[in-house]
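Protein chains in written order, with the working numbering: chain W, 1 to 262; chain V, 263 to 628.
It should be emphasised that the hints constitute simulated quantities derived from the structure, not laboratory data. Warning: the hint list may mix true and false statements.
[What the hints assert, rightly or not] DSS-like, lysine-lysine: derived pairs with alpha carbons at most 27 angstroms apart:
id, chain 1, residue 1, chain 2, residue 2
1, W, Lys150, W, Lys131
2, V, Lys496, V, Lys443
3, V, Lys616, W, Lys153
4, V, Lys407, W, Lys150
[As the list claims (entries may be wrong)] Some, not all, of what chain W presents toward chain V, calculated at C-beta under 10 angstroms:
id, residue
5, Ala98
6, Leu218
7, Trp221
8, Ser251
[As the list claims (entries may be wrong)] Far from chain V by the CB rule (all over 10 angstroms, computed), these chain W residues:
id, residue
9, Thr175
10, Met212
11, Ile225
12, Ile229
13, Val246
Backbone N, C-alpha and C define an ideal beta-carbon position, used for all residues, glycine too.
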Amino acid sequence: MKVEVEEPTTELQRPKIDFYSASVLTGDATAEDLETIKRHTSVYVYETPVRLWHWINAAAILVLCVTGWFIGNPPPTMEIGEATNQFVFGYIRFAHFAAAMVMTIGFFGRIYWSFVGNHHSKQMFRLPIHKAEWWKEVFFEMRWYMFLEKEPKKYVGHNPLAQIAMFFFMTLGMTFMIVTGFTLYAEGLGADHWLSTLTGPILALVGNSQVMHSLHHLGMWAIVIFVMIHIYAAIREDIMSRQSMVSTMLSGHRTFKDDRPE
Amino acid sequence: MSEIETFYDVMRRQGITRRSFMKYCTLTASALGLGPAFVPKIAHAMETKPRTPVIWVHGLECTCCSESFIRSAHPLAKDVVLSMISLDYDDTLMAAAGHAAEAAMADTIEKYKGNYILAVEGNPPLNEDGMFCISGGKPFVEKLKYAAKDAKAIISWGACASYGCVQAAAPNPTQATPVHKVITDKPIIKVPGCPPIAEVMTGVITYMLTFDRMPELDRQGRPAMFYGQRIHDKCYRRPHFDAGQFVEAWDDENSKKGYCLYKMGCKGPTTYNACSTVRWNEGVSFPIQSGHGCIGCSEDGFWDQGSFYDRVTDLTQFGVEANADKVGLAAAGVVGGGIALHTAVTALKAAQNKAQASSETNKEEA
Numbered sequence: 001m002k003v004e005v006e007e008p009t010t011e012l013q014r015p016k017i018d019f020y021s022a023s024v025l026t027g028d029a030t031a032e033d034l035e036t037i038k039r040h041t042s043v044y045v046y047e048t049p050v051r052l053w054h055w056i057n058a059a060a061i062l063v064l065c066v067t068g069w070f071i072g073n074p075p076p077t078m079e080i081g082e083a084t085n086q087f088v089f090g091y092i093r094f095a096h097f098a099a100a101m102v103m104t105i106g107f108f109g110r111i112y113w114s115f116v117g118n119h120h121s122k123q124m125f126r127l128p129i130h131k132a133e134w135w136k137e138v139f140f141e142m143r144w145y146m147f148l149e150k151e152p153k154k155y156v157g158h159n160p161l162a163q164i165a166m167f168f169f170m171t172l173g174m175t176f177m178i179v180t181g182f183t184l185y186a187e188g189l190g191a192d193h194w195l196s197t198l199t200g201p202i203l204a205l206v207g208n209s210q211v212m213h214s215l216h217h218l219g220m221w222a223i224v225i226f227v228m229i230h231i232y233a234a235i236r237e238d239i240m241s242r243q244s245m246v247s248t249m250l251s252g253h254r255t256f257k258d259d260r261p262e
Numbered sequence: 263m264s265e266i267e268t269f270y271d272v273m274r275r276q277g278i279t280r281r282s283f284m285k286y287c288t289l290t291a292s293a294l295g296l297g298p299a300f301v302p303k304i305a306h307a308m309e310t311k312p313r314t315p316v317i318w319v320h321g322l323e324c325t326c327c328s329e330s331f332i333r334s335a336h337p338l339a340k341d342v343v344l345s346m347i348s349l350d351y352d353d354t355l356m357a358a359a360g361h362a363a364e365a366a367m368a369d370t371i372e373k374y375k376g377n378y379i380l381a382v383e384g385n386p387p388l389n390e391d392g393m394f395c396i397s398g399g400k401p402f403v404e405k406l407k408y409a410a411k412d413a414k415a416i417i418s419w420g421a422c423a424s425y426g427c428v429q430a431a432a433p434n435p436t437q438a439t440p441v442h443k444v445i446t447d448k449p450i451i452k453v454p455g456c457p458p459i460a461e462v463m464t465g466v467i468t469y470m471l472t473f474d475r476m477p478e479l480d481r482q483g484r485p486a487m488f489y490g491q492r493i494h495d496k497c498y499r500r501p502h503f504d505a506g507q508f509v510e511a512w513d514d515e516n517s518k519k520g521y522c523l524y525k526m527g528c529k530g531p532t533t534y535n536a537c538s539t540v541r542w543n544e545g546v547s548f549p550i551q552s553g554h555g556c557i558g559c560s561e562d563g564f565w566d567q568g569s570f571y572d573r574v575t576d577l578t579q580f581g582v583e584a585n586a587d588k589v590g591l592a593a594a595g596v597v598g599g600g601i602a603l604h605t606a607v608t609a610l611k612a613a614q615n616k617a618q619a620s621s622e623t624n625k626e627e628a
């Protein structure tokens with residue numbers, strides 16, 4: 001069964017061969033559906049390195065939060081053997097440090113990719129605060145979250161509100177955690193280590209290592225709060241918005257639920 | 263300065279044999295963590311150098327630094343005071359009092375301009391023009407500035423002089439201020455601790471006399487040889503920390519077994535001092551060895567870091583008993599509640615829109 005449709009009036013190029021006829025095989029495709037999928041409704045947004053970074057980073061943050069919590073509030077004493085043969089707390093700390101290294105290297109890689117990657121890969125690092133148009137979008141998105149807008153807009157990359165959250169919690173938040181974390185780590189390496197030379201002024205600025213610990217703790221909670229909001233917003237927008245959210249971070253493609261351009 | 267005897271002269275005069283003198287040099291070398299090659303160097307310095315005049319002033323303090331100092335075993339405080347330095351002024355240790363004592367200080371400053379060491383115990387309060395600490399009829403801050411003007415170097419004894427200690431704890435009503443914030447044009451060695459370890463105090467002085475220069479200082483101005491590592495880095499209970507074996511309560515079995523005091527709020531991991539290596543009272547013990555966690559007395563602002571018995575310490579900015587984890591957990595709870603509420607409203611709103619849409623289509627159909 002071949003479905004005839006009118007040529008859409010948008011400037012989008014339409015392939016000459018009508019291979020969508022095959023879709024009929026899926027059974028429940030209506031004429032309307034076919035009309036929709038004939039347009040190019042998916043955009044490649046998140047390139048492979050960005051997606052890879054996202055999931056590695058997510059895993060690292062999970063490990064860091066769990067082990068970090070246990071470093072501040074150790075698990076109950078375990079008596080597996082003599083202290084010499086037991087390394088429970090040591091392994092917890094090792095996992096924390098190892099995940100931190102992975103996260104840090106990943107973050108550097110991600111910064112590098114923001115220079116060589118596509119336009120969307122730069123979004124997390126740059127807020128276009130000088131553009132009035134962008135601010136309008138921010139307020140629109142806030143109204144949408146406050147249930148004051150009936151219908152959300154379509155966004156290829158992050159929506160402006162998400163962009164702000166990414167910038168403050170990830171770009172700045174992770175920088176803060178990396179800096180405070182490595183300052184604490186350098187204390188263990190000793191004053192003669194090059195990392196101590198690098199982070200010494202930061203420790204001196206705070207004055208007391210205990211304060212640095214407290215700051216690092218607060219930073220973790222900021223990231224936990226971000227993760228909660230991030231996951232909630234991603235799932236909610238996947239359902240409520242006019243575009244794909246969760247799958248986009250898996251496939252890289254943003255697909256849209258309707259074909260209205262605005 | 264010919265009238266000042268050399269150290270060796272003083273020791274021989276006191277009936278110390280050369281053999282004992284060499285033993286003493288050896289002990290000093292080991293107290294400083296130096297190799298045997300330094301023993302003859304120390305002996306030579308002792309034989310040839312005149313004693314260095316020291317003026318020791320006391321501001322807002324509790325004299326615990328002096329109490330610690332006089333208990334030094336290697337070298338003995340008696341040797342330091344009577345044989346090594348020429349302690350020309352120290353209002354708690356000197357025989358003279360009143361005008362005679364003040365005259366001795368003026369005398370020393372006049373005689374050894376630019377050559378004496380100023381040791382400061384305690385700190386000056388700056389509020390109300392320094393009236394919270396009067397010494398010799400004048401605000402201590404004036405005495406400090408007067409004595410510091412011609413000093414070769416300044417030693418800040420203890421947490422008071424180095425960081426402010428308890429009298430500078432929030433809200434610091436007297437505006438007690440550490441020495442380095444009042445005297446900014448002299449080399450200052452901070453020897454923090456409440457009090458500092460006796461052997462660290464005499465060790466610093468011995469080093470300065472022996473090598474005629476300041477010991478290597480770290481970024482905060484503390485002698486790196488004593489404050490280069492944390493208590494935690496050299497703690498003999500460290501294996502229990504790495505094993506995850508902790509004292510859970512003061513009277514439990516683990517406490518008896520000498521497990522790590524981390525969970526009891528030990529500040530060893532955040533405190534730079536030599537307690538776990540030099541120890542106290544001739545190396546008899548130190549707080550952790552006695553079963554109590556380190557309270558971090560040699561760290562900047564240790565009184566303002568909440569309880570001595572918490573690892574995740576209180577943040578005074580967030581109210582009476584909030585620490586980073588409590589603040590974070592509360593914030594996460596609020597956000598979680600907000601998310602739940604937002605989900606509910608979203609669902610309701612969606613249902614409402616759906617109902618409206620269907621009623622509209624029904625109307626159209628009708």
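To see whether the hints hold, each was checked on the structure:
1. Lys150/W with Lys131/W: holds (25 angstroms)
2. Lys496/V with Lys443/V: Distance of about 32 angstroms is beyond 27 angstroms: violated.
3. Lys616/V with Lys153/W: With Cα atoms ~19 angstroms apart, Lys616/V and Lys153/W stay inside 27 angstroms; holds.
4. Lys407/V with Lys150/W: Given that 27 angstroms is the threshold and the Cα spacing comes to 72 angstroms, the pair is violated.
5. Ala98: Hint violated; Ala98/W Cβ to chain V Cβ min 16 angstroms, cut 10 angstroms.
6. Leu218: Interface hint status for Leu218/W: holds (5 angstroms vs cutoff 10 angstroms).
7. Trp221: Holds - the Cβ of Trp221/W comes within 10 angstroms of chain V, reaching about 3 angstroms at its closest.
8. Ser251: With Cβ-Cβ at 25 angstroms, over 10 angstroms, it is violated.
9. Thr175: Thr175/W is indeed farther than 10 angstroms from all Cβ atoms of chain V, at 19 angstroms.
10. Met212: violated (8 angstroms)
11. Ile225: At about 5 angstroms from chain V, Ile225/W fails to clear the 10 angstroms cut-off, so the statement is violated.
12. Ile229: violated (6 angstroms)
13. Val246: holds (16 angstroms)
The structure does not agree with the numbered hints 2, 4, 5, 8, 10, 11, 12 stated previously, though it agrees with the rest.
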